[in-house]
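**Student:** Sequence:
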Amino acid sequence: MGGVGVASPNLEYINFLNPALLTTNRRLNLDTTIKYTMFEGALYGVGRSINDGTLKQQSKSVNFQYLNIAFPVSNRWTSSVSLSPYSNMSYDYYSKVAFGTSGIVSSTSNIGTGGLYNASFANGVDLTKNFSAGLTASYVFGSTNEDFFTQVTSLDVDVQDQQYGIRQRTSYSGFNFKPGVAYRNILKPSTKEEQEHIYYNLGATYDFSAGLTSRRELTRQRKNDKNFVDTSAVTVISNTKMHAVLPSIFTVGFSIDKPVDWSIGVDLTYLNFSKYKNFDAETDNFKNGYKIALGGEYKLKGQEVLKMPIVRAGLSYQRTPFYFNGTQLNDFSVSLGGSLPVGRKDARYKSKPLSRLNVALVAGQRGSTNDGLIRDRYFQVYLSFQTIDKWFERRRIE
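If you count the sequence shown from 1, you need to add 1087 to reach the working numbering.
Hints listed in this document are in silico derivations from the structure and should not be mistaken for laboratory results. In this text the structure is predicted, and so the values were computed from the model without any measurement. Just so you know, even glycine gets a beta-carbon here, dropped at the ideal spot from N, CA and C. Keep in mind that a hint or two might mislead.
To be verified - Cβ pair distances, simulated, as ranges:
{"no.": "1", "residue 1": "Arg1302", "residue 2": "Glu1280", "range": "57 to 65 Å"}
{"no.": "2", "residue 1": "Tyr1357", "residue 2": "Gly1298", "range": "28 to 36 Å"}
{"no.": "3", "residue 1": "Glu1281", "residue 2": "Ser1177", "range": "27 to 35 Å"}
{"no.": "4", "residue 1": "Pro1396", "residue 2": "Val1323", "range": "20 to 28 Å"}
{"no.": "5", "residue 1": "Asn1311", "residue 2": "Pro1396", "range": "54 to 62 Å"}
{"no.": "6", "residue 1": "Ser1194", "residue 2": "Ser1258", "range": "40 to 48 Å"}
{"no.": "7", "residue 1": "Trp1164", "residue 2": "Val1398", "range": "54 to 62 Å"}
{"no.": "8", "residue 1": "Asn1217", "residue 2": "Ile1253", "range": "54 to 62 Å"}
{"no.": "9", "residue 1": "Gln1144", "residue 2": "Thr1327", "range": "27 to 35 Å"}
{"no.": "10", "residue 1": "Gly1459", "residue 2": "Tyr1357", "range": "25 to 33 Å"}
Turn these sequences into a full structure, and let the hints steer you where they fit.
**Tutor:** Written out as structure tokens, the structure is:
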């Protein structure tokens, strides 16, 4: 739905964007005596085409997106535990330089791998019939490796000399907190059942400007002709502890929905980089940014409410924080997706929600080739599976 969700309660998926809306999932109770736990996992693939007006580079990758479980604690309280990537490093550059007619060639490699993960624990509580609040506590952790190696070879000799270079290994850790609130009320009442009412929803979240600690180790290394590191020749150059300040993010949202038919919403996000500092205490080329996202979904009619396929669409425009050559980069994307019910674990329980297969396609562009900038066109595919089951069923023996 274009990234919309801060004010979009939905009975059939876990809301990652606003912890206050976790309590919505508890209302899956067609049978009010049963409390359900929701499990969801997702993968995503992305293809990119990067162009600077002269050169063009393409890349493809597939990554784990998230793993989440949401469960009821009480009639007013729902919790969730999740794991998701926070950032990813993956690049591989090679270059060769020949020294005249000497037959000597210098090869340079620059390889980066690794990434950070985000483990979070979120809680949402209904404070009143119409108002809920929540808090997400996250722990960011992980490490990256960057290798810079040079190898000098002679074309006249069929033997490759050893590689010499530097490895930079950086480990990261830090905590982040995001509170959220949500309000829901009837916009247009119906004389029929509750699901036929039209509701309006308000929501807001705030990601605090958090600190991230890292330890960077630089080592001088040597690799043999089989590309293995000679451990006896590893020398530690430096081992430094550093600190960075992440930006704060404030999001507000508004949506209207008819639970059994449709919903539409809009989110406004402000990214505050005024306090941002990287690990070298520099602000880099970042400016404050914002994002506007619009999205909606429509449920195709079926014999059962919980068997309805869902169609989703959205679009978003972002003034990104990235600032190059006196220009702040823009990002525009459109998305289309859907949700397909795939059955129940036990068909005898007609009141139990079905498992679902969700898919989303996103196409967008960041930047342009004007003014010496780089244009990044991307296409993303998201695939997730969600299953729902009873929470701690107590068996009775007669």
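**Student:** Does each hint fit the structure? Answer for all of them.
**Tutor:** Here is how each hint holds up against the structure:
For Arg1302 paired with Glu1280, a C-beta distance near 58 Å keeps the hint of 57 to 65 Å intact. At roughly 20 Å, the beta carbons of Tyr1357 and Gly1298 sit outside the given window of 28 to 36 Å. Look at Glu1281 against Ser1177: about 48 Å separates their beta carbons, and that is not inside 27 to 35 Å. Under the hint 20 to 28 Å, the C-beta atoms of Pro1396 and Val1323, about 58 Å apart, miss the expected range.
The supplied range of 54 to 62 Å is met by Asn1311 and Pro1396, whose beta-carbon atoms lie about 58 Å from each other. Between Ser1194 and Ser1258 the beta carbons are some 29 Å apart, a value that contradicts the proposed interval 40 to 48 Å. A C-beta distance of roughly 32 Å is found between Trp1164 and Val1398, which places it outside the suggested range of 54 to 62 Å. Distance hint check for Asn1217 and Ile1253: the Cβ-Cβ separation is about 59 Å, which falls inside the suggested range of 54 to 62 Å.
For Gln1144 paired with Thr1327, a C-beta distance near 33 Å keeps the hint of 27 to 35 Å intact. Remark: the range hint 25 to 33 Å for Gly1459 to Tyr1357 is upheld by a beta-carbon distance near 28 Å.
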